[in-house]
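Peer 1: Sequence:
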Amino acid sequence: MSRPSSKPEAAKPSGDDVASDKKGADVEVAPPESLEDEGSDGFLSSLGRGTWEILTTWGPAFLAVFVIRSMLIEPFRIPSGSMVPTLAIGDNIVVTKFSYGFRIPLTRIPVGELEVPERGDVVVFVFPGKDTGVKHWVDLPIPPFATVDYVKRVVGLPGDVVEMRDQVLYVNGEAQSRRYIEDFTFTDDGCRDYDTKQYEETFGDSTHNILYAKRYAGVVKDFGPTTVPEGHVFAMGDNRDHSFDSRGWGTVPLRNIKGKAQFIWLSWDTCKTNIPYFGDIRTNRMGLGIP
4 MSRPSSKPEA
14 AKPSGDDVAS
24 DKKGADVEVA
34 PPESLEDEGS
44 DGFLSSLGRG
54 TWEILTTWGP
64 AFLAVFVIRS
74 MLIEPFRIPS
84 GSMVPTLAIG
94 DNIVVTKFSY
104 GFRIPLTRIP
114 VGELEVPERG
124 DVVVFVFPGK
134 DTGVKHWVDL
144 PIPPFATVDY
154 VKRVVGLPGD
164 VVEMRDQVLY
174 VNGEAQSRRY
184 IEDFTFTDDG
194 CRDYDTKQYE
204 ETFGDSTHNI
214 LYAKRYAGVV
224 KDFGPTTVPE
234 GHVFAMGDNR
244 DHSFDSRGWG
254 TVPLRNIKGK
264 AQFIWLSWDT
274 CKTNIPYFGD
284 IRTNRMGLGI
294 P
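The working numbering puts the first residue of the sequence shown at 4, with every later residue one more than the last.
No wet-lab data here; the hints were simulated from the structure.
These numbers come from a predicted model, not from an experiment.
Treat the hints with care, since some could be wrong.
[As the list claims (entries may be wrong)] Derived PhoX-like pairs: lysine-lysine, alpha-carbon spacing no greater than 25 Å straight-line: (1) K263 / K133; (2) K200 / K275; (3) K224 / K200; (4) K263 / K138; (5) K217 / K200.
[As the list claims (entries may be wrong)] Here are the simulated distance ranges between beta carbons: (6) P294 / F105: 21 to 27 Å; (7) T190 / T210: 22 to 28 Å; (8) L117 / A64: 26 to 32 Å; (9) W55 / T273: 38 to 44 Å; (10) P294 / P78: 16 to 22 Å; (11) P294 / V222: 23 to 29 Å; (12) W268 / G227: 31 to 37 Å; (13) P144 / V114: 17 to 23 Å; (14) S209 / E116: 23 to 29 Å; (15) L117 / T59: 33 to 39 Å; (16) G251 / C194: 23 to 29 Å.
Yeah, the Cβ is synthetic: ideal placement off N, Cα and C, and Gly gets one too.
Please take these sequences and the hints and turn them into a complete structure.
Peer 2: Structure representation (structure tokens):
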């Protein structure tokens, strides 16, 4: 009688098991990724890293520039002749943004109450009615936040009565003193010449030069009287007969004033052709203060 073996009989391996034994343990292998997906993911990853590096490198610098521009100083270029002879077409000026009060950085929201400019100050302001929507709140020089800016001289303060009689400015019934200097040829942005008369006008202790047209035809010699409302100023160009100002579109809200014009840092005469597309540099105007 045969006795059963104490050792169990090993099962005969199948063909698949034999193959597994030869290769080692079974391993599940994923299908290879397509080269197209790998290239696309690599490009996007590289693009993302490049964008992040640019933002981290240049972002703080641009942010600092925008903050300085919104709170401290901002450059402006003079495109028209409404402020000749004080500001020439092509002058680039520096404006101090804090002269009449501070605002929250990158916005046009005042911090506290805004100060009223002095009569005679040259100011840059957002054209009334062009500061709607996001432009009313955000101060950035890029669309859709960029504004239409004007530069004029403040001649009337809140409560003042402003009037023009025969090309003479009256404030609160008092004629503003002026003295004839010389004849002056005004050249506009189209390089056309106009004959004008140059005067020195006095506001209190400060003086500045103004122009009046020689020919009365088509010139508005009289205006007003009109009272400047609270929270506003009355602004006029120094080139009195070639200026679109408060006589035409009304007063300027204090909130619209961006700052006070201080000095000219660069000036181009575009009616000359010494440098193609630019004109000629007026070195004699660079560094001039703005009275």
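Peer 1: So, for every hint listed, does it hold in this structure?
Peer 2: Each hint, compared with the structure:
no.: 1; hint: K263 / K133; result: holds, 20 Å
no.: 2; hint: K200 / K275; result: holds, 24 Å
no.: 3; hint: K224 / K200; result: holds, 14 Å
no.: 4; hint: K263 / K138; result: holds, 20 Å
no.: 5; hint: K217 / K200; result: holds, 6 Å
no.: 6; hint: P294 / F105: 21 to 27 Å; result: holds, 25 Å
no.: 7; hint: T190 / T210: 22 to 28 Å; result: holds, 24 Å
no.: 8; hint: L117 / A64: 26 to 32 Å; result: holds, 30 Å
no.: 9; hint: W55 / T273: 38 to 44 Å; result: holds, 42 Å
no.: 10; hint: P294 / P78: 16 to 22 Å; result: holds, 19 Å
no.: 11; hint: P294 / V222: 23 to 29 Å; result: holds, 25 Å
no.: 12; hint: W268 / G227: 31 to 37 Å; result: holds, 36 Å
no.: 13; hint: P144 / V114: 17 to 23 Å; result: holds, 21 Å
no.: 14; hint: S209 / E116: 23 to 29 Å; result: holds, 25 Å
no.: 15; hint: L117 / T59: 33 to 39 Å; result: holds, 37 Å
no.: 16; hint: G251 / C194: 23 to 29 Å; result: holds, 24 Å
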